[in-house]
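K.L.:
Listed below, chain by chain, are the residues.
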Amino acid sequence: MSDLQAAHPEEHSPVPAGEEQETAHTQDEFRQRLLLEQTRDWEINQAVLQPMLRTGAGFWILAGVLAAVVAWGLYAWSYQIRWGFGVAGINRPVYWGIYIATFVFWVGISHAGTMISAVLRVFKADWRRPITRGAEAMTAFALMMAGLYPLIHLGRVWKFYWMIPYPNNRGMWPNFQSPLMWDMVAIFTYLIGSGLYLYLAMIPDMAMARDNTKNWRYQLYRLLALGWRGTEIEWHKLHRALSIFSIVIIPVFLSVHSIVSWDFAVTLQPRWHSTIFAPFFVIGAVYSGLAALATILVLVRWGMRLQGFLREEHFNALGKLVMVAGMAWLYMWFAGLIVEWYGNEPVISEMLHEEISGPLAPLFYLLLFCNLTPIVFLVFKKVRTTPVLLLVFTLMVNLGMYIERVLIIPGNLQRNYLPFNWGTYRPTWVEISVVAMTFAGFALLYLLFSRIFPYVPVWEIKEGRLRYTLRRIGRLLVPTAAEIE
Amino acid sequence: MSDTIVLIGLFHESTQTADAIDQLYQMGIPEEKIVVMTGVPFPEQALGRHKEWIHLPYIVLAGALAGLLFGVFLSVVTPRLYPLTVGGRPVVAGPPAVIIIYVFTMMATIVSTFLGVVWEMGFPSFERKYYHKLTTSGHLSVLLECSPGQESKIIAVIEAHGGHHVHQPERMPI
Numbered sequence: 006m007s008d009l010q011a012a013h014p015e016e017h018s019p020v021p022a023g024e025e026q027e028t029a030h031t032q033d034e035f036r037q038r039l040l041l042e043q044t045r046d047w048e049i050n051q052a053v054l055q056p057m058l059r060t061g062a063g064f065w066i067l068a069g070v071l072a073a074v075v076a077w078g079l080y081a082w083s084y085q086i087r088w089g090f091g092v093a094g095i096n097r098p099v100y101w102g103i104y105i106a107t108f109v110f111w112v113g114i115s116h117a118g119t120m121i122s123a124v125l126r127v128f129k130a131d132w133r134r135p136i137t138r139g140a141e142a143m144t145a146f147a148l149m150m151a152g153l154y155p156l157i158h159l160g161r162v163w164k165f166y167w168m169i170p171y172p173n174n175r176g177m178w179p180n181f182q183s184p185l186m187w188d189m190v191a192i193f194t195y196l197i198g199s200g201l202y203l204y205l206a207m208i209p210d211m212a213m214a215r216d217n218t219k220n221w222r223y224q225l226y227r228l229l230a231l232g233w234r235g236t237e238i239e240w241h242k243l244h245r246a247l248s249i250f251s252i253v254i255i256p257v258f259l260s261v262h263s264i265v266s267w268d269f270a271v272t273l274q275p276r277w278h279s280t281i282f283a284p285f286f287v288i289g290a291v292y293s294g295l296a297a298l299a300t301i302l303v304l305v306r307w308g309m310r311l312q313g314f315l316r317e318e319h320f321n322a323l324g325k326l327v328m329v330a331g332m333a334w335l336y337m338w339f340a341g342l343i344v345e346w347y348g349n350e351p352v353i354s355e356m357l358h359e360e361i362s363g364p365l366a367p368l369f370y371l372l373l374f375c376n377l378t379p380i381v382f383l384v385f386k387k388v389r390t391t392p393v394l395l396l397v398f399t400l401m402v403n404l405g406m407y408i409e410r411v412l413i414i415p416g417n418l419q420r421n422y423l424p425f426n427w428g429t430y431r432p433t434w435v436e437i438s439v440v441a442m443t444f445a446g447f448a449l450l451y452l453l454f455s456r457i458f459p460y461v462p463v464w465e466i467k468e469g470r471l472r473y474t475l476r477r478i479g480r481l482l483v484p485t486a487a488e489i490e
Numbered sequence: 521m522s523d524t525i526v527l528i529g530l531f532h533e534s535t536q537t538a539d540a541i542d543q544l545y546q547m548g549i550p551e552e553k554i555v556v557m558t559g560v561p562f563p564e565q566a567l568g569r570h571k572e573w574i575h576l577p578y579i580v581l582a583g584a585l586a587g588l589l590f591g592v593f594l595s596v597v598t599p600r601l602y603p604l605t606v607g608g609r610p611v612v613a614g615p616p617a618v619i620i621i622y623v624f625t626m627m628a629t630i631v632s633t634f635l636g637v638v639w640e641m642g643f644p645s646f647e648r649k650y651y652h653k654l655t656t657s658g659h660l661s662v663l664l665e666c667s668p669g670q671e672s673k674i675i676a677v678i679e680a681h682g683g684h685h686v687h688q689p690e691r692m693p694i
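Respectively, the protein sequence lines represent chains G and H. The letter at position 445 of the first sequence is residue 450 when you use this note's numbering, and the numbering goes up by one with no holes. The letter at position 122 of the second sequence is residue 642 when you use this note's numbering, and the numbering goes up by one with no holes.
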């Protein structure tokens, strides 16, 4: 033995016999988690395609119930169109009721899709892979629901085209100084962006579905695959386009909710006219969006039996993100509150009094309970990784965030600088039905999407498998990722 | 009668595929006559192939510039054509114009990225093409064009590196 060898004895000491079994177990666990070689590509294809093709009685019952709610909501909307906006509960001074509160809620929900998909793609966070498509679909459908509200709230919906800038004989032009115009173009941009982003990343999976299906599904997937064969240059260009998309869509997602917040903040309404509104809205959107994504993933995992793809580590990571976003929301909320309270402006003091010990108090305390409790419990890994508990706490977050929007919009509008102009607001059956329509519509679209399109991005999962291998460090067996993206 | 034939062979493993492609180059098959199709994106040049130049970033930049100009047109030029005079307020104001210009710039950037990549890939393209459906099931498909005299040697090379299902494919609808 040389001196050098003597100075450096065997670095990898043999594993003691008692640990061999544990090592084998760890190895199996990692291989299962990372979908390493014992799972073949065609098995992954089938694991994703089969749940799409199975539509049992439960699916049709759920789809039927949701469709019935949508139909009822459409009736309520048509009733409003027929009899005028007076059938809604909004009146002076509350001109914006639960329609606008729900609009803000849906725009908020749409934020997590981009957050998960684009941000995590830019940072090459590998755990994103199985959940990106579900998140992107959530963004697109939530925006569709949000986009309905300006139409619903317009009252005379048939006049919508007046907002479109084109030369006309009315001698009128959209007022680009109006926040409502900024809103329209921002949401339209985000809808286009998220729709194209969702579709672009889905093209290789459309080709996979095309190669594995028949009849109408084959025709549909063939059309949507656009002729994809998976050549090297196709992959290269797709990767480049997705990278550009990921970077471009991040400022868009930040700006959309900022612009939505300016609908309120540029007015002189007390408690709205605040510089913190834009970041406060953005962080609230991320909080509710991430929570909604976790809720949906738990339900889809159960409904489509996707336990092999949507695993503990995904819920753990998502739970951590929800918790961090919740803390950031709490910080922003308190930063706004302390300045308002300390300022002691009469009208704002009155509004705070209404929330803390007045008629809005039940909603206010429910908001605090629903938004703060999950932050405390999501600290525990056991809670984050137990789907039922995660479902309960993320549903609480969304209830809390919905109430927050209701308090901010119709809640605040009941009071203003002119006490003779104060009023109250109660939503009518028409408004409640229309709001229920968008919730059911979102669920119905998502349900149909999950049965028509591959819910799990198969090619991204396969790409992830390429990256991983297992490596021993001392007595520890760990997965290591190669830099290939 | 055509002076070239088309062959396709399937592989299970990327290293064997790269080795086979290297040997095909040595046999005089030019790079542009070989197409590799996979169901999963392999890192660039993993299969020993050249890196292809793409124009997408320039298309995106051009789209962004067009969006910016359109935003300026809408928020600065058109209000002067249809002035909305409100007491004490300018017909065109800076901060709202910045928002409109920004949003239209981003919208055009997004749309040009999508249209650019679709155009660069030559999509949509529904005509019959050489393809193998097992590509999306984990196989690496090597498609190549060669002279009829090289056929047997090429089949031998592919099979020597673990290739299988080597045959002259028919164009199929995809």
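Some hints could be false.
Not the full set, but computed from the structure, chain H residues with beta-carbon under 7 Å of chain G [said to hold, decoys possible]: (1) T524; (2) V555; (3) L576; (4) I579; (5) L594; (6) S595; (7) C666; (8) V686.
Hints in this document: simulated from the structure, not taken from any laboratory. Note that the Cβ used here is the ideal one computed from N, Cα and C, for glycine as well.
K.L.:
Now, for every hint given, state plainly whether the structure supports it.
P.N.:
Here is what the structure says about each hint:
Contact between H:T524 and chain G, as hinted, is not supported at the beta carbon level, the nearest pair being about 19 Å apart and thus beyond 7 Å. Annotation: H:V555 was flagged as interfacial toward chain G, and the flag holds, the nearest CB pair being 5 Å apart, inside 7 Å. Residue-level restraint check for H:L576 holds (minimum Cβ-Cβ distance to chain G is 5 Å; threshold 7 Å). The interface hint given for H:I579 is broken, as the beta carbon of that residue sits about 10 Å from the closest beta carbon of chain G, more than 7 Å.
Taken as an interface hint, H:L594 checks out: its beta carbon lies about 6 Å from the nearest beta carbon of chain G, inside 7 Å. The beta carbon of H:S595 is positioned within 7 Å of a beta carbon in chain G (closest approach about 5 Å), and the interface hint is therefore held. Taking 7 Å as the C-beta cut-off, the interface hint given for H:C666 is violated, the closest approach to chain G being about 18 Å. Residue-level restraint check for H:V686 is violated (minimum Cβ-Cβ distance to chain G is 18 Å; threshold 7 Å).
The structure fails to meet hints 1, 4, 7, 8 from the earlier list, while all remaining hints are met.
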